[in-house]
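Undergrad: I would like the entire structure built from these sequences, with the hints used as guidance.
Going by this note's numbering, the first residue of the sequence shown is number 58, and it counts up by one from there.
Quick caveat, the hints were computed from the structure, so don't treat them as lab data.
Here a beta-carbon is modelled for each residue, glycine too, at the ideal position from N, C-alpha and C.
Incorrect hints may appear among the rest.
[Unchecked claim] Quick list of the computed label-pair ranges, beta carbon to beta carbon:
{"id": "1", "residue 1": "Ala286", "residue 2": "Arg124", "range": "53 to 59 Å"}
{"id": "2", "residue 1": "Ser207", "residue 2": "Thr178", "range": "17 to 23 Å"}
{"id": "3", "residue 1": "Arg153", "residue 2": "Ala286", "range": "49 to 55 Å"}
{"id": "4", "residue 1": "Phe192", "residue 2": "Gly393", "range": "39 to 45 Å"}
{"id": "5", "residue 1": "Ala141", "residue 2": "Leu285", "range": "40 to 46 Å"}
[Unchecked claim] Think about it this way: if two alpha-carbon atoms lie no more than 27 Å apart in a straight line, the pair counts; the simulated DSSO-like pairs of lysine-lysine are:
{"id": "6", "residue 1": "Lys227", "residue 2": "Lys135"}
{"id": "7", "residue 1": "Lys149", "residue 2": "Lys191"}
{"id": "8", "residue 1": "Lys227", "residue 2": "Lys391"}
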Amino acid sequence: MLTYLRVDNLRSLVNFEWRPGTVNLLVGSNGSGKTTVLSALNLVCQLMRGQRVTECLTASDLTWWQRRDRQQISLRVKRETQSAFVYDLTIKYEGRLEHPLIEREALSEDGRLLFEYTNNTVTLYDDEFRVTQKFSLSGSRSFIPEVPASGNNTKLCWFRDYWFRALILKPDIFRFSSHTTDEESVLRQDATNFASWWREMALSRPSAIHRLDERLPAIVSGATSLRLADRHSGRALSIDIHRHGKVHTTGFDQLTEGQRTLILLYAISECLDRASLIALDEALNYIAIAEIQPALVALREAVVDAGGQLIVVSHHPEVIDYLGADDTFVFSLKNGLSECVPLRDIDLSGARLSEYLAGLGDAV
Numbered sequence: 058m059l060t061y062l063r064v065d066n067l068r069s070l071v072n073f074e075w076r077p078g079t080v081n082l083l084v085g086s087n088g089s090g091k092t093t094v095l096s097a098l099n100l101v102c103q104l105m106r107g108q109r110v111t112e113c114l115t116a117s118d119l120t121w122w123q124r125r126d127r128q129q130i131s132l133r134v135k136r137e138t139q140s141a142f143v144y145d146l147t148i149k150y151e152g153r154l155e156h157p158l159i160e161r162e163a164l165s166e167d168g169r170l171l172f173e174y175t176n177n178t179v180t181l182y183d184d185e186f187r188v189t190q191k192f193s194l195s196g197s198r199s200f201i202p203e204v205p206a207s208g209n210n211t212k213l214c215w216f217r218d219y220w221f222r223a224l225i226l227k228p229d230i231f232r233f234s235s236h237t238t239d240e241e242s243v244l245r246q247d248a249t250n251f252a253s254w255w256r257e258m259a260l261s262r263p264s265a266i267h268r269l270d271e272r273l274p275a276i277v278s279g280a281t282s283l284r285l286a287d288r289h290s291g292r293a294l295s296i297d298i299h300r301h302g303k304v305h306t307t308g309f310d311q312l313t314e315g316q317r318t319l320i321l322l323y324a325i326s327e328c329l330d331r332a333s334l335i336a337l338d339e340a341l342n343y344i345a346i347a348e349i350q351p352a353l354v355a356l357r358e359a360v361v362d363a364g365g366q367l368i369v370v371s372h373h374p375e376v377i378d379y380l381g382a383d384d385t386f387v388f389s390l391k392n393g394l395s396e397c398v399p400l401r402d403i404d405l406s407g408a409r410l411s412e413y414l415a416g417l418g419d420a421v
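TA: Written as structure tokens, this is what we have:
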């Protein structure tokens with residue numbers, strides 16, 4: 058579980074520190090840094106999946122009113138009952154701030170290195186913190202995804218797998234497509250490859266897909282199953298709906314925004330089988346009020362049962378008041394810098410959290 062995050066020189070996050078819990082709600086005014094926190098986490102995910110730094114960052118991600126050319130991210134991840142891993146990343150922008158590169162990257166446990174990249178040199182260590190290999194490399198991407206798994210580097214592989222499986226989502230419901238040509242094991246940040254991800258889940262976790270089908274009638278009246286239908290240019294995710302004594306098939310992209318969102322959320326809930334980090338940025342905007350709490354209950358229970366972690370960014374009053382009893386952090390922007398205060402340190406004077414935020418002028 059992520060227990061600590063420090064971010065410096067990333068948009069409005071300057072020397073920003075955060076200590077999340079198991080179920081977290083991030084609230085506050087627009088532009089106060091909530092989404093940027095998830096962007097920092099998504100950067101780590103992208104690097105652990107082999108993306109180049111230039112595919113993840115541009116000069117516009119620097120804090121605009123500063124003149125520093127380095128960004129830093131430090132985080133701590135606790136592995137069940139074992140020691141915590143500390144990951145440190147420094148990005149340097151070269152040229153006219155056009156070429157971000159990794160200047161230093163390190164993974165350690167209890168202060169002892171498991172991986173380090175510095176001065177254009179990679180140093181690999183085994184689980185006993187002994188050097189196993191050393192070689193030169195550019196900082197265009199992290200080498201951690203390229204490290205071959207073996208019996209003596211299980212700690213590094215666990216950390217890598219943790220971030221590979223993490224879901225940092227800001228769904229773009231309007232761009233969801235039913236079309237799929239292949240399986241994809243990673244759900245993109247905008248979730249527009251949901252059909253290909255569902256296709257992979259149907260192969261690797263059929264029992265989870267069966268449980269999702271059992272939920273469908275509550276989402277779409279008369280729905281019986283999601284399935285792949287053959288099309289001339291591939292396959293399409295479709296839904297079978299029983300109406301007037303007949304079964305009708307329609308494309309997933311023909312459903313309403315709210316229906317697609319609910320199916321996405323319940324699919325994530327059913328497909329969790331290991332401790333994972335799930336972060337959702339304004340993912341419940343198109344869901345009817347009566348459907349929000351059941352979806353959140355299912356997702357929350359799935360994450361907690363799996364030993365995972367949930368982070369939700371929302372302005373929706375129903376979401377705020379339901380998750381407000383968990384670890385809630387109120388963000389604000391002061392002098393261009395993001396600040397977050399735990400809700401437990403705020404006196405609501407008997408008001409509901411959504412009412413308190415509305416009183417501050419926050420858009421909820």
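Undergrad: Take the hints in turn and mark each one as holding or not.
TA: Results of checking the hints against the structure:
no.	hint	in the structure
1	Ala286 - Arg124: 53 to 59 Å	holds (56 Å)
2	Ser207 - Thr178: 17 to 23 Å	holds (21 Å)
3	Arg153 - Ala286: 49 to 55 Å	holds (50 Å)
4	Phe192 - Gly393: 39 to 45 Å	holds (41 Å)
5	Ala141 - Leu285: 40 to 46 Å	holds (42 Å)
6	Lys227 - Lys135	holds (25 Å)
7	Lys149 - Lys191	holds (22 Å)
8	Lys227 - Lys391	holds (25 Å)
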